[in-house]
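Given next are the chains, with one letter for each unit.
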Amino acid sequence: MKAKERIAKRVAMELKDGDVVNLGIGLPTMVANYIPKGINVMLESENGFIGLEAVGESADPNLVNAGGQPCGIIPGGAMFDSAMSFALIRGGHVDVTVLGGLQIDQNGNLANWMIPGKMIPGMGGAMDLVIGAKKVIVAMEHCSKDGSAKILKCCNLPLTGKGVVDLIVTELGVFRVTEKGILIEEITPGVTIETVKSKTEADLIVSDHLIYMKNVS
Amino acid sequence: MKAKERIAKRVAMELKDGDVVNLGIGLPTMVANYIPKGINVMLESENGFIGLEAVGESADPNLVNAGGQPCGIIPGGAMFDSAMSFALIRGGHVDVTVLGGLQIDQNGNLANWMIPGKMIPGMGGAMDLVIGAKKVIVAMEHCSKDGSAKILKCCNLPLTGKGVVDLIVTELGVFRVTEKGILIEEITPGVTIETVKSKTEADLIVSDHLIYMKNVS
Amino acid sequence: MKNKQLNIQQVGEYFKDGMTVMVGGFLGVGTPERLVNAIGDKGIKDITLITNDTALPDKGVGKLIVNRQVKKVVASHIGTNPETGKQMIAKELDVELVPQGTLAERIRCGGSGLGGVLTPTGVGTIVEENKQKICVDGKVYLLEKPLHADIALIKAKKADKAGNIIYDKAARNFNPIMAMAADIVIAEVNELVEIGEIVSDEVMTIGVLVDKFICVED
Amino acid sequence: MKNKQLNIQQVGEYFKDGMTVMVGGFLGVGTPERLVNAIGDKGIKDITLITNDTALPDKGVGKLIVNRQVKKVVASHIGTNPETGKQMIAKELDVELVPQGTLAERIRCGGSGLGGVLTPTGVGTIVEENKQKICVDGKVYLLEKPLHADIALIKAKKADKAGNIIYDKAARNFNPIMAMAADIVIAEVNELVEIGEIVSDEVMTIGVLVDKFICVED
Numbered sequence: 476m477k478a479k480e481r482i483a484k485r486v487a488m489e490l491k492d493g494d495v496v497n498l499g500i501g502l503p504t505m506v507a508n509y510i511p512k513g514i515n516v517m518l519e520s521e522n523g524f525i526g527l528e529a530v531g532e533s534a535d536p537n538l539v540n541a542g543g544q545p546c547g548i549i550p551g552g553a554m555f556d557s558a559m560s561f562a563l564i565r566g567g568h569v570d571v572t573v574l575g576g577l578q579i580d581q582n583g584n585l586a587n588w589m590i591p592g593k594m595i596p597g598m599g600g601a602m603d604l605v606i607g608a609k610k611v612i613v614a615m616e617h618c619s620k621d622g623s624a625k626i627l628k629c630c631n632l633p634l635t636g637k638g639v640v641d642l643i644v645t646e647l648g649v650f651r652v653t654e655k656g657i658l659i660e661e662i663t664p665g666v667t668i669e670t671v672k673s674k675t676e677a678d679l680i681v682s683d684h685l686i687y688m689k690n691v692s
Numbered sequence: 476m477k478a479k480e481r482i483a484k485r486v487a488m489e490l491k492d493g494d495v496v497n498l499g500i501g502l503p504t505m506v507a508n509y510i511p512k513g514i515n516v517m518l519e520s521e522n523g524f525i526g527l528e529a530v531g532e533s534a535d536p537n538l539v540n541a542g543g544q545p546c547g548i549i550p551g552g553a554m555f556d557s558a559m560s561f562a563l564i565r566g567g568h569v570d571v572t573v574l575g576g577l578q579i580d581q582n583g584n585l586a587n588w589m590i591p592g593k594m595i596p597g598m599g600g601a602m603d604l605v606i607g608a609k610k611v612i613v614a615m616e617h618c619s620k621d622g623s624a625k626i627l628k629c630c631n632l633p634l635t636g637k638g639v640v641d642l643i644v645t646e647l648g649v650f651r652v653t654e655k656g657i658l659i660e661e662i663t664p665g666v667t668i669e670t671v672k673s674k675t676e677a678d679l680i681v682s683d684h685l686i687y688m689k690n691v692s
Numbered sequence: 191m192k193n194k195q196l197n198i199q200q201v202g203e204y205f206k207d208g209m210t211v212m213v214g215g216f217l218g219v220g221t222p223e224r225l226v227n228a229i230g231d232k233g234i235k236d237i238t239l240i241t242n243d244t245a246l247p248d249k250g251v252g253k254l255i256v257n258r259q260v261k262k263v264v265a266s267h268i269g270t271n272p273e274t275g276k277q278m279i280a281k282e283l284d285v286e287l288v289p290q291g292t293l294a295e296r297i298r299c300g301g302s303g304l305g306g307v308l309t310p311t312g313v314g315t316i317v318e319e320n321k322q323k324i325c326v327d328g329k330v331y332l333l334e335k336p337l338h339a340d341i342a343l344i345k346a347k348k349a350d351k352a353g354n355i356i357y358d359k360a361a362r363n364f365n366p367i368m369a370m371a372a373d374i375v376i377a378e379v380n381e382l383v384e385i386g387e388i389v390s391d392e393v394m395t396i397g398v399l400v401d402k403f404i405c406v407e408d
Numbered sequence: 191m192k193n194k195q196l197n198i199q200q201v202g203e204y205f206k207d208g209m210t211v212m213v214g215g216f217l218g219v220g221t222p223e224r225l226v227n228a229i230g231d232k233g234i235k236d237i238t239l240i241t242n243d244t245a246l247p248d249k250g251v252g253k254l255i256v257n258r259q260v261k262k263v264v265a266s267h268i269g270t271n272p273e274t275g276k277q278m279i280a281k282e283l284d285v286e287l288v289p290q291g292t293l294a295e296r297i298r299c300g301g302s303g304l305g306g307v308l309t310p311t312g313v314g315t316i317v318e319e320n321k322q323k324i325c326v327d328g329k330v331y332l333l334e335k336p337l338h339a340d341i342a343l344i345k346a347k348k349a350d351k352a353g354n355i356i357y358d359k360a361a362r363n364f365n366p367i368m369a370m371a372a373d374i375v376i377a378e379v380n381e382l383v384e385i386g387e388i389v390s391d392e393v394m395t396i397g398v399l400v401d402k403f404i405c406v407e408d
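Residue numbers (my numbering), protein chains in the order written: chain B, 476 to 692; chain A, 476 to 692; chain W, 191 to 408; chain U, 191 to 408.
Bound-form chain B, shown alone:
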């Protein structure tokens, strides 16, 4: 299994039956493929509905996900306007949001929307999601393509949200943002703490109950 799939599979284990979940574009979208049997979640799509399915019965030009891609809606799903969509998001009615990250720091700050001097896509709904969802999970590869650390002491890119991240899942492990700092709770089999630390700028606290990363088989 590739890194991205392992990450998506592990994130899926965080979802509980009945949760309302918003999945960002890219890797987070893959989480939908790994939701355990018996766990029914309602996927919220910030462009205006709940009950998103990955694949629709037919390609309907008016039924797309927040990335503009064709999708479906489950029976029992519902449509609404953008004000309602973000009332749900900001109002705490979304249990979990899963997003990608450019940088996360030990204060739970997240930067994932712009790199000064490069093209700026805009924050879209990300700033509302991180402030409003009850639980914010960052699903990302542990390091940048150039090998530099993304889990930092202090973000230097413009923030998406301040003190918002609860959990980080990478191909190396599972990291919880706590008041004391970043706690590594799970580690991928075959990876050492030293390796993780060398690829992480933030101070890592190793959990007393460190286990192998669940669901990596």
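Keep in mind that the hints were calculated from the coordinates and are not lab data.
You may find that some hints are simply not true.
As the list claims (entries may be wrong) - With a straight-line cut-off of 25 Å between C-alpha atoms, the simulated SDA-like cross-links for lysine to any residue are:
hint, chain 1, residue 1, chain 2, residue 2
1, W, LYS321, A, PRO596
2, W, LYS281, W, ASP248
3, B, LYS628, U, ILE316
4, A, LYS674, A, SER623
5, B, LYS655, B, CYS618
6, U, LYS348, W, ASP391
7, A, LYS610, A, ALA478
8, W, LYS347, A, ILE549
9, W, LYS192, B, GLY638
10, W, LYS329, U, LYS321
11, B, LYS609, B, MET594
12, W, LYS192, B, PRO511
13, B, LYS593, B, GLY567
14, U, LYS261, U, ASP340
15, W, LYS329, W, LYS347
16, U, LYS402, A, ILE549
17, U, LYS321, B, LYS672
18, W, LYS335, U, LYS329
19, B, LYS593, U, GLU319
20, W, LYS321, U, ILE374
21, W, LYS206, W, LEU196
22, U, LYS235, U, PRO247
23, W, LYS348, W, ILE374
24, A, LYS610, U, ILE374
As the list claims (entries may be wrong) - Have a look at the derived ranges for each label pair, beta carbon to beta carbon:
hint, chain 1, residue 1, chain 2, residue 2, range
25, W, ASN380, B, ILE549, 17 to 27 Å
26, B, GLU616, U, GLU203, 51 to 61 Å
27, B, GLY567, U, ASN320, 26 to 36 Å
28, U, CYS325, A, MET594, 30 to 40 Å
29, U, ASN380, A, ALA624, 57 to 67 Å
30, W, GLN200, B, GLY513, 18 to 28 Å
C-beta: ideal position from N, C-alpha, C; glycine also.
Guided by the hints, dock chains A, W and U onto chain B, whose structure is given.
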């Protein structure tokens, strides 16, 4: 024709084709009976719909006006929730609101929701209506039951809105609130300016174009 | 999927002394009468009641006032229930009168994660007492704060088993916004249908907001 | 009743150089393509465009960017249209990026007579620059101000002759709130029905908000 009917009939002449109109409980509600032919207005009912008709096809317990009385809805009418109802009202989407008044003063202040020491019914939607409607018409009998003036130099009852009244229609005439004060524009046949002034505490400016009150026949 | 349907006997366990409860309705129209009666039956005390009006003495939330179960009411109108005014004057009941549109926005804020709205309504009246005034682009507004409740009781025409809801005519009023603004939302509906029978475009309150419902005929 | 129906040739008269226009849609889904094309055809310049995103170069409002008809854009996302970013970096286009939920609330404020809302979104980010921070009950919020437009262009599935509107699925998005927030509202609909054929409970945008509409097939 009784005083209240004359008032309602005159107010109805202020309505223009296509206007969205909110009529308060009591005398203002009677305005609906006198809307001239060829003038189609949409009556907004602040409990959540537009297209109010005075009489419904049948008594539907879920179709009532803002006074809780059975009513109807015209074809092309629409239902909405209370947040939308007041978004329409506050947002300037209502062209005319017609309300009763306890006191109005020459600064356009209106008091019509409470008398200290007596039962306090509450302001309901009145404060939103007077601030949001493009035109605020007070339809009322010129004096209190005890004969005291209601059009004053300065209201002494708690206000419903500050500087909100555009027009006052009573059985004695039609009064416009202007920056210079209250202008009497129309007077009921058989009534003298002296009589009106004696029943009015506010300084009255007599219009250079004073005419008999329209539609009083 | 979890079963959200309750019978009326099971409703009582959600009610607690001292709870803040929002109840939908406008002069009793669109009020869940059975859920209100269940509060009465359980003899809940010291309620903070958020509602448009206190209805009539024998209708809607009016009964809770008459039964003296309410400690404080937040409403836009109390004139149709003389008992509310009597208890207020006797200082037995705390009444916070809120302009109706402001009440709607405060409830919407509470359900939408907003810290408040700026409204022109009430400027220059006693409504502005103890409120922050904020000037935006030369116009003065009142800062009105969110309202949130422990429990919201709403009334609807129809629900599917997922809790998706459709309201009927003027019985909609405050119900949809209250369904956003409480920790627990219980609906009283007249008709229950299977999931999928309510078209996604026609849902007025989404199922995930509705924790429980009872289905009874009117 | 006044006839609200226009043909596409008549639409141009409502467009002016320098106008502020809101256009519904999310990545072009729910965007009135013909009305947008009519802006292009008339060669309107110096537009302030309020919209969720600048779509694609050949879709929705993206075409107006490519045609260099837009002076300023207020949007939450511009990444799917590279031309927007290029013109922004070249300082040929002023771009105000607004979080999507804040954009929705600002438009709603503009249509609802509110002076602003307090949102926690963007606190501690560059979004808070030049904005008033207000503390309510110990929590910090940004004061976000209303947006209003000269004209709003919306897309819908169906209208009746009174202008009552029904949207289709995810093509609803920003259309209903924009229909509240402009001096003139023009809708592009796919189907026109007689008054009375849309049930009052199912109307999504009420007819009195819609000044004009065109009816075209997609």
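Hints versus structure:
1. Among the hinted pairs, LYS321/W with PRO596/A is consistent with the structure: their alpha-carbon atoms are about 22 Å apart, no more than 25 Å.
2. Between LYS281/W and ASP248/W, the direct Cα distance comes to roughly 22 Å. Compliance with the 25 Å bound is thereby established for this hinted pair.
3. Between the alpha carbons of LYS628/B and ILE316/U the distance comes to roughly 20 Å, so the proposed pair stays at or under 25 Å and holds.
4. The straight-line distance between the Cα atoms of LYS674/A and SER623/A is roughly 7 Å, inside the 25 Å bound, and the hint therefore holds.
5. For the suggested pair LYS655/B and CYS618/B, the alpha carbons sit about 23 Å apart, so the restraint of at most 25 Å is met.
6. Note on LYS348/U and ASP391/W: the hinted pairing holds, with a Cα-Cα distance of about 13 Å set against a maximum of 25 Å.
7. Restraint check for LYS610/A and ALA478/A: the C-alpha separation of about 23 Å stays at or below 25 Å, so the hint holds.
8. For the suggested pair LYS347/W and ILE549/A, the alpha carbons sit about 21 Å apart, so the restraint of at most 25 Å is met.
9. For a cut-off of 25 Å, the pair hint linking LYS192/W to GLY638/B is broken: about 33 Å separates their Cα positions.
10. Taking the CA atoms of LYS329/W and LYS321/U, the gap is near 17 Å; set against the 25 Å cutoff, the hint holds.
11. Note on LYS609/B and MET594/B: the hinted pairing is violated, with a Cα-Cα distance of about 30 Å set against a maximum of 25 Å.
12. Restraint check for LYS192/W and PRO511/B: the C-alpha separation of about 17 Å stays at or below 25 Å, so the hint holds.
13. Under the criterion of a C-alpha separation no larger than 25 Å, the hint pairing LYS593/B with GLY567/B is inconsistent with the structure, at around 33 Å.
14. Taking the CA atoms of LYS261/U and ASP340/U, the gap is about 15 Å. The hint holds against a cut of 25 Å.
15. About 42 Å separates the Cα atoms of LYS329/W and LYS347/W, which puts this hinted pair outside 25 Å; it is violated.
16. Simply put, LYS402/U and ILE549/A have alpha-carbon atoms about 21 Å apart, close enough for the 25 Å limit, and the pair holds.
17. Between LYS321/U and LYS672/B, the direct Cα distance comes to roughly 39 Å. Violation of the 25 Å bound is thereby established for this hinted pair.
18. Between LYS335/W and LYS329/U, the direct Cα distance comes to roughly 12 Å. Compliance with the 25 Å bound is thereby established for this hinted pair.
19. Taken as a hint, the LYS593/B and GLU319/U pair is honoured in the structure, with Cα atoms around 20 Å apart against an allowance of 25 Å.
20. Among the hinted pairs, LYS321/W with ILE374/U is inconsistent with the structure: their alpha-carbon atoms are about 35 Å apart, more than 25 Å.
21. Between LYS206/W and LEU196/W the alpha-carbon distance is near 17 Å, which keeps this suggested pair within the 25 Å criterion.
22. A hinted pair counts as satisfied when its Cα atoms are at most 25 Å apart, and LYS235/U with PRO247/U qualifies at roughly 18 Å.
23. The hinted pair formed by LYS348/W and ILE374/W meets the criterion: a straight-line CA distance of about 19 Å does not exceed 25 Å.
24. Our distance criterion of 25 Å between C-alpha atoms is met by LYS610/A and ILE374/U, whose separation comes to about 19 Å.
25. Between ASN380/W and ILE549/B the CB atoms are about 25 Å apart, so this pair conforms to the stated range of 17 to 27 Å.
26. For GLU616/B and GLU203/U, the hinted distance range of 51 to 61 Å is satisfied, since their beta carbons lie about 54 Å from each other.
27. Distance hint check for GLY567/B and ASN320/U: the Cβ-Cβ separation is about 28 Å, which falls inside the suggested range of 26 to 36 Å.
28. Restraint check, CYS325/U to MET594/A: a C-beta distance of roughly 38 Å satisfies the suggested window 30 to 40 Å.
29. Checked against the given bound of 57 to 67 Å, the beta carbons of ASN380/U and ALA624/A, roughly 59 Å apart, stay inside it.
30. Separation of GLN200/W from GLY513/B is about 25 Å and conforms to the stated range, judged on CB atoms against 18 to 28 Å.
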